[in-house]
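S.K.: Residue numbers (full-length UniProt numbering), protein chains in the order written: chain P, 1 to 1272; chain A, 1 to 315.
Do not rely on the hints blindly, as some may be mistaken.
[Claimed, not checked] Distance condition first, Cα-Cα at most 30 Å in a straight line; then the derived DSS-like pairs of lysine-lysine: (1) P:359 / A:19; (2) A:82 / P:359; (3) P:359 / A:45; (4) A:142 / A:19.
[Unchecked claim] Far from chain P, some chain A residues (derived; all Cβ distances over 12 Å): (5) 50; (6) 93; (7) 132.
I should point out that these hints are in silico values taken from the structure, not numbers from a laboratory. Built from N, CA and C at the ideal position, the CB exists for glycine as well.
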Amino acid sequence: MAGEQGDDPNPNPDRRRRRRRRGALRLSRLYSFACARRPSVADDHAESARIGGPGFSRVVNAGAAALSLEQQQQQTAATAEQLLVASASNSISTTKYNLLTFLPKSLFEQFRRVANVYFLFSAGIAYSPLAAYSSSSAIAPLVIVIVATMIKEAIEDWRRNQQDGAFRDAKWKDVRVGDIVKVEKDEFFPADLVLLSSSYEDAICYVETMNLDGETNLKLKQSLEATSTSLPDDESFLDFGAVIRCEDPNAHLYTFVGNIEIHDQEAQQHPLSPQQLLLRDSKLRNTEFVYGAVVFTGHDTKVMQNAMKVPSKRSNIEKKMDWVIYLLLFSLVVISVVGSIFFGIATRDDLKDGKMRMKRWYLRPDDTEIYYDPNNAAIAAAFHFLTAMMLYGYFIPISLYISIEIVKLLQALFINQDIKMYHEETDTPAHARTSNLNEELGQVDTILTDKTGTLTCNSMEFIKCSIAGTAYGRGITEVERAMAKKKGSPLIADMDNGNQYFQPEGKVAVKGFNFRDERVMDGNWVNQPNSHVIEIFFRLLAVCHTCIPEVDEESGKISYEAESPDEAAFVVAARELGFTFYQRTQTAVSLHELDPVSGKQVDRSYRILNILEFNSSRKRMSVIVKNEEGKTFLFSKGADSVMFERLSGSESAYREVTQQHINEYADAGLRTLVLAYRELKEDEYAYFDRKFTAAKNSVSADRDEKIEEAADLLERDLILLGATAVEDKLQKGVPECVDKLAQAGIKIWVLTGDKMETAINIGYACSLLRQGMKQITITLETPEIIAMEKGDVLACEAVAVWEKGRRYGGRSRICGLPMETTGLSPPAALEKPKTLAATASKDSVARQINEGKKLVNASSGETFALIIDGKSLTYALDDDTKAMFLDLAIGCGSVICCRSSPKQKALVTRLVKTGTGKVTLAIGDGANDVGMIQEADIGVGISGAEGMQAVMASDVSIAQFRFLERLLLVHGHWCYSRITSMICYFLYKNITFGVTMFIYEAYTSFSGQAFYNDWAMSGYNIFFTSLPVIAMGVFDQDVSARFCLKFPTLYQEGPQNLLFQWRRIVGWMAYGVASAVIIFYLSTASLQHQAFRRGGEVIDMATLGATAYTCIVWAVNLQMMITVSYFTLVQHACIWIGIALWYVFLAVYGAMTPDFSTTFYMVFADALAGAPSYWVVTLLVPAAALVPYFTYAVVKSWFFPDYHNEIQWLRHRERAHPDPESSADVEFGHALRQFSVRSTGVGVSARRDAAVVRRLNGTQVHHADSPQTQAS
Amino acid sequence: LVGILFVPIGLTSLSASQKIVELIDRYDINCVPMADKVGYIQDSKTDKSCTRTLTVPKHMKSPIQIYYQIGDFYQNHRRYVKSRSDKQLLYKDAAHLTKDCEPEGYSAHGAPIVPCGLIAWSLFNDTYTISVNKKAIEVNKKDIAWQSDKNKKFGSDVYPRNFQNGNLIGGAKLNESIPLSEQEDLIVWMRTAALPTFRKLYGRIETDIMANDQLTVVIQNNYNTYSFGGSKALVLSTTSWIGGKNNFIGVAYLSVGGLCLFLALVFIVLYMFKPRYNIFVSLTLSSRKSHFIPFRTLGDPSFLSWNRDTMDCSN
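Okay, chain P solo, but in the shape it has when bound (with noise of 0.2 Å):
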């Protein structure tokens, strides 16, 4: 049978149930795969005649018949086959290699970098005569390197694949195209399903989609009534049959373009939406289960489109290490190519006319190999030039990259292991995935942050309000406990035991409330003045809204479903204030309220006749009831900016003082809502009520604009109740994050798929605005383009799917325009008006960006925060605008994007990360963060309570914001500092070992013999020089980390790359050279040919090349001493071991037989340990080494300090006068602490600055004379 899938066991179409391990998603397959294509079939629709065509080749065959169908038509196997391989298997594996990639693809990696390819290279000549040393040797630390790191990256690797198993529920795999999936409630969606039928009756199921876009409120989903009637349980789908016919897989989430033919109904085709389309990874809530037959799986799910290739990211300091190994190449190519000039005249001249004229005879320059061949001293040369590049392959630290591996993975260990990062509450900590980008963290220049779950703990709570011009709530924000820390002020002990002391009393902490205050709390409003206006501004927090509540059977608790978690904080708060709303009908809500004058517990229900709905354009909602006494009132909530204008002129009474509150609240970055009410007339109302019906009912396209209209006739001349104030609840210590952040002078993106309302309020929240910035926004909310859109919108009502897909797949867009143009091919009829709109869009936002420059060039010392909406984005990221909105966004302070996608989200990352070449990193927690995640420098993954997926594509995983702090200034700085030293140490060693032999050639006419022994030459960088290195790059911190965050310019360092300019890096270089020059003249020139003992002996090769290379190891890790600031005793165990390891090696080697050491026999042990002279030299000529850096390093901490200097000093004076009073370091730690705290732009610090300066214009007082009383 064709299509029939060849390796199931059991091809019975008879349902199989499979219980998943930790839940019960039962997948009932029905059928287990038959796919092909048709003939696409004359459809009325005009999208629909491209189901079939290019791009829409997807079939599907759902259920057991569809079985019969497919036989009905004419298959071949071969289609069925190709679209069997060519569906995805629905397993996803976020690891870069398995078992049998691994061992070519690693080496790959590993031949990636120049350094091991020019081994490599040499590794070959060590296998000809032109060996300069014995090959074995030669191969030895190549091979010894290369298999340390791919063990390193197998262990990684392997550690990865671990978590994707944690993860991935084994079952999903199975999961194929054309299955019949039952999902239950709160369970993830294991594929792109199309809904069949949900177990509501009009099958509608409620979606969240978290990890899609961020959003939590829910989403509604539809079935096709045809399905949706006649699969109500698991029986149905016995004999049930469809074929799907679809778009190819596209990363675009909100669209979805095809039809449904089920085959027991006359082959009638429905079209299928987006309404239908059940994305993977989103969950499925308030609803028991759904059925969906699977489309699209694995990599073709629409989450896995949007997310991109897992790159091999490679660090900034990594790509400038390559052009330091090509610097060290070149410069290794021009003294390989002087010595073979060298050494070719050298050979030239050593025969003379012939055979009997031989200059040096001793080396028989009349009977030669080629390489050594006086008449071709030209090839000889160049063959020598091969022996060279070998010879002096010091220059490039062969170690380098193994040892810059295993101290990441031992600073990742470290990071792991940080107790300050780790998060009691979810028992996670930090996880330092891929530990290449280390000192990244230690060079962000921007970061760019999701909102929801990553700024936001995502859940919303009253906290305060403002009724009838009287302020209530004493709530504290974490924005006000920010400021209130920074100004060290004693209220803030105050406030934190105030709120303790209304915590306890028995009362638990109810989400989304956060309101104390004894005047309003357990029915004492009563007996405030306003009373009334009290109870109605309660009662309206009550009934207007949209929520569901849910009442416990057991504990009569009242849960409540809402779309948005703002509503419910509402509707929470009225019950904690004795307005409780406990039942919802169709037409009425019932409350249990407390009747001020009896001060009872009553029982009313209020007739809803109206809900106006809540858009971004009205920013207002209001509902209309009609009260038990038979009044008619409109109760009405919304933006102070829509709501104000709505008052009616003769409520002033406290209306200024409620702006005055609203602006507090929003300064303190608490979410306002103004609410006000009116009572209706009978007449008003009914006239209202014709006119609303009936623009409810009209089908025309102005639909929209009639409603509006109507409601507008009622929503004026409101009576002012108050306004409340919701706080998005930061994570805890977010804004003093962000502060600290903004000091150390990075800058913070927020790119979330929020409401621009929403976005700017926590924008507000975080510190990131702030009262007095200026604002630019870039939106396409204004009129015209709207009305463009409305052309749109016209076109598109005559396709019924657009208009389906409009209700709820997103609230601004508009036939999931503009957002999706490109992958989805409009009818021909919308072109037009598209195309339209779209120009007029561009211009708009290209005029608003120019504006918006002009605006921050023309102005200096202002704050600039840009706002920019997803719509606007799409065209500002275009090619020829993206540069200017790049160059208007980094003139600013803080940027906010919002309503942005996934896609755009990468896309913002990677214009950043382009566009300024400075490093990125994207913070964000969901499954809609994983494309900014893989596309910045590093992506941090928040590992919260959304899936995994963000920690899965993250190469640093944290459990809370604010540990990012912690992570960048402390381990960031740390490691960045640590890398760099220890890459410019390792030029350095290199360097001087490297030059000695270069020297030493000199004196052997360049004929390519090696100063030193073989073995012990490759044992250099491995043995005698690694250690410390390694225990540097792990253990060393420049500045400690109390330091570091008292401190945050400290990390412009990173930023700014100061520790690995090129200045520093040849600076070392050039030491290596003046080391390495040193040494050799000073320990040749005190054993030059005298006897060095007293029996007379002279030194010969051996011996001196074996002192030589202990006063390099000595002065090696001497140096390291001196370079080190933090002393372990890792580091001083490590530095000595490394020296004591050359000695034992002298001497273990040396008394091998002489067919292993060869010149190394007995050297130590019968030589140079008896002689005196050899100990002399070897103390002398390190130190003599030192002496130039010793005196560099005082003198540039005496005079030309860095900045970590500085501090270090500090430190010193610190501990050196423990009395800090006593001192005059006060001064100058003051003065270092006041420098680095610069002013900036965002942050509480800067609300701060700005409130004091507010202040001080307004009231005239002179300049206070301490930072300290200015503060405060």
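Since the structure of chain P is already known, use the hints to place chain A on it.
M.R.: Below, chain A without anything else, positioned relative to chain P:
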């Protein structure tokens, strides 16, 4: 600290070096009577003995080491260094292992040469006969090689074969009845020198030589250093704990130590006159600002006041 430690060491070693008496006589020029030096030295028939007279400046305590010093002889040339077979030198039945020895691996008849290679082939062959005040003294040629070399690198049952049999004679011939481990001149020679100018131990004089004694050395000037423009010299030297005479170590110690002391002094003086803190403040005020790119500053009042504060205290 280093300075304090180094100066005494320098002084000690310098004095040790000063006590050593060293006599150097370069004879390569004077011992060739003809203009055509190369022709002279390559002529195997002429008698090349040459007499040199030296006056001992100071009392020389025994043992007195006799060295020959050769200049510009690249014993460290790669071709030269490699041209030997360690196995052949040590093991009796390894005579055929002459792979690295070409072109001195096999004799004209195809038999392996023992010891093979360029090093052995070019063995130094000048000889010295020394007499003090016309009275011949014995030169002890035993124990001039490293003990370890004699024991483990040159076989006591390996005898020279086919050595210097070719048409091109390099240097000295070897007595085929003495095993290699006893051929100390060869062993000394085969420890290749590190630098192109080197000394090698020739023998020892076991008696003291008084000051102003007349030393007469009869040299058999056989070795060809003339082709490559090298030099030859005879060196007589006493030794001390530091070895031979070399002031360099002492001088180097003194200068490094002195430099350290000087630097320390400079820094101390600097510190006294210009404490670091003030330097820092002035530097910060002048340079820091430009060092870090400011991040769009507001007219931050605290920043200004800090300026004033620190100015106050530094004045």
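S.K.: Hint check: residue 359 of chain P vs residue 19 of chain A, CA-CA at most 30 Å. Holds or violated?
M.R.: 40 Å, violated
S.K.: For residue 132 of chain A, is the shortest beta carbon distance to chain P beyond 12 Å?
M.R.: Holds, since 19 Å exceeds 12 Å.
S.K.: Compare the distance between the alpha carbons of residue 142 of chain A and residue 19 of chain A with 30 Å, and conclude whether the hinted pair is satisfied.
M.R.: 26 Å, holds
S.K.: Taking C-beta pairs only, is residue 50 of chain A more than 12 Å away from all of chain P?
M.R.: Per Cβ check, residue 50 of chain A is outside 12 Å of chain P; nearest 21 Å; holds.
S.K.: Has the given pair, residue 82 of chain A with residue 359 of chain P, been kept, meaning a C-alpha gap of at most 30 Å?
M.R.: 19 Å, holds
S.K.: Hint check: residue 359 of chain P vs residue 45 of chain A, CA-CA at most 30 Å. Holds or violated?
M.R.: 21 Å, holds
S.K.: If we take the beta carbon of residue 93 of chain A, is the closest beta carbon in chain P still more than 12 Å away?
M.R.: 15 Å, holds
Violated hint: 1 only; the structure is consistent with all others.
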